[in-house]
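Position chain V relative to chain Z; hints supplied.
There are 2 protein chains.
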Amino acid sequence: MKQDRFNMLKKHNREELEKAIKEGRADMRMKGLCTYLNSLENFFTSSSCSGRIVLLSVKSIGEKQPKAFHRKWHRKVKLKEVVDALEEKTREKELWFKLDPFIIHIGARDLENARKVLKCMRAAGIKRGGIIVAQKGKFLIELQGTHAMALPVKSHGEELIGREYVTFLVKQANKKLGENYKRLELFERVCRRELQ
Amino acid sequence: MKQDRFNMLKKHNREELEKAIKEGRADMRMKGLCTYLNSLENFFTSSSCSGRIVLLSVKSIGEKQPKAFHRKWHRKVKLKEVVDALEEKTREKELWFKLDPFIIHIGARDLENARKVLKCMRAAGIKRGGIIVAQKGKFLIELQGTHAMALPVKSHGEELIGREYVTFLVKQANKKLGENYKRLELFERVCRRELQ
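Residue numbers (my numbering), protein chains in the order written: chain Z, 1 to 196; chain V, 197 to 392.
Same shape as in the complex, but just chain Z (with noise of 0.2 Å):
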């Protein structure tokens, strides 16, 4: 009965993985990852980003706020595609850039299995995770990156940085979501050889 439910769990999972890649909705720097821990018969993976750049219109300060993304890019941007996007009218009280890292949800089919992939995640020297569900049936560890950027660029449709700062900001936030990257490559080679 408890195995039911994580193989009920991991079924459902893996149908919508094949489902994003078929439609062509899947993250491609997710692919590798997850079809791999999906074909091993104690994990799935479930909703997972590989780290983007955007900007993200923020409606009131402070509150419980509806949030919406002007712009989203899991990629490297060009200077000119976030110049454009913030010359755009915008009518929200505020548009921040922010580089999100990567954020990795594995299903284990127990305890023992959620400490591996824990072990896994050391190994590539990430640094935030963690088991956020721990029931019978079903653990659920959550993985995040560290390369991290956030900060207001305008302000009630007024720009707040110069065209110098959002080149420098530019070159920074693709720097770092390389580096970011990277360390999702190293975790997946690490779950390839320690997780079969």
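Hints should not be assumed to be uniformly reliable.
Stated by the list, open to error - Lysine-lysine pairs mimicking DSS-like chemistry, simulated, CA-CA at most 27 Å apart:
1. V:Lys268 - Z:Lys136
2. V:Lys255 - Z:Lys171
3. Z:Lys116 - Z:Lys93
4. Z:Lys119 - V:Lys323
5. V:Lys371 - Z:Lys116
6. Z:Lys76 - Z:Lys19
7. V:Lys334 - Z:Lys116
8. V:Lys334 - Z:Lys127
9. Z:Lys98 - V:Lys268
10. Z:Lys89 - Z:Lys19
11. V:Lys371 - Z:Lys93
12. Z:Lys72 - V:Lys371
13. Z:Lys127 - V:Lys312
14. Z:Lys59 - V:Lys312
15. V:Lys312 - Z:Lys98
Simulated from the structure, these hints should not be mistaken for lab results.
Bear in mind the structure is a predicted one, so any value in this text is a computation, not a measurement.
Just chain V now, with coordinates in the frame of chain Z:
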């Protein structure tokens, strides 16, 4: 034997906390939560931080790098403090302005008690956190806030941003730090109610 390990860890960490409080090194915003959890049979706290605003020196971008605090405030900051710190000579390759959210480490006697901490975390609306060590006699939960900012402000000693933007940043960082502290207070209230 297995319980011995937990009791030993608990004793060590409680003594460290008492020492830190006595010597005035304890983070005052963590004191209530830490003292309460350490008074319980099944929990203890380890290194924790209530959140801070920092100016971080980064020697070389990207690679494994030594980092150093140019400034570190465990409280809201005044504009003048930040401006003065920015005007000081810095020779590092980069200086970053960061708002780091709270980070809490809680030890639990067993998986059952670790689960209770995760439940409190969710009840307090904390989205990042999980069990990072899961061994007999040692279950460790790490929780982290999500109020964060991170941006480069100097490069090779040159300021990258104008005074007007620094004013905006400081206001934002103080506001977010206030929200971060409120979330921490809510977590303490939930723990006092749910954990005994």
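Are any of the numbered hints broken by this structure? If so, which, sorted upward?
1, 3, 5, 10, 14 and 15
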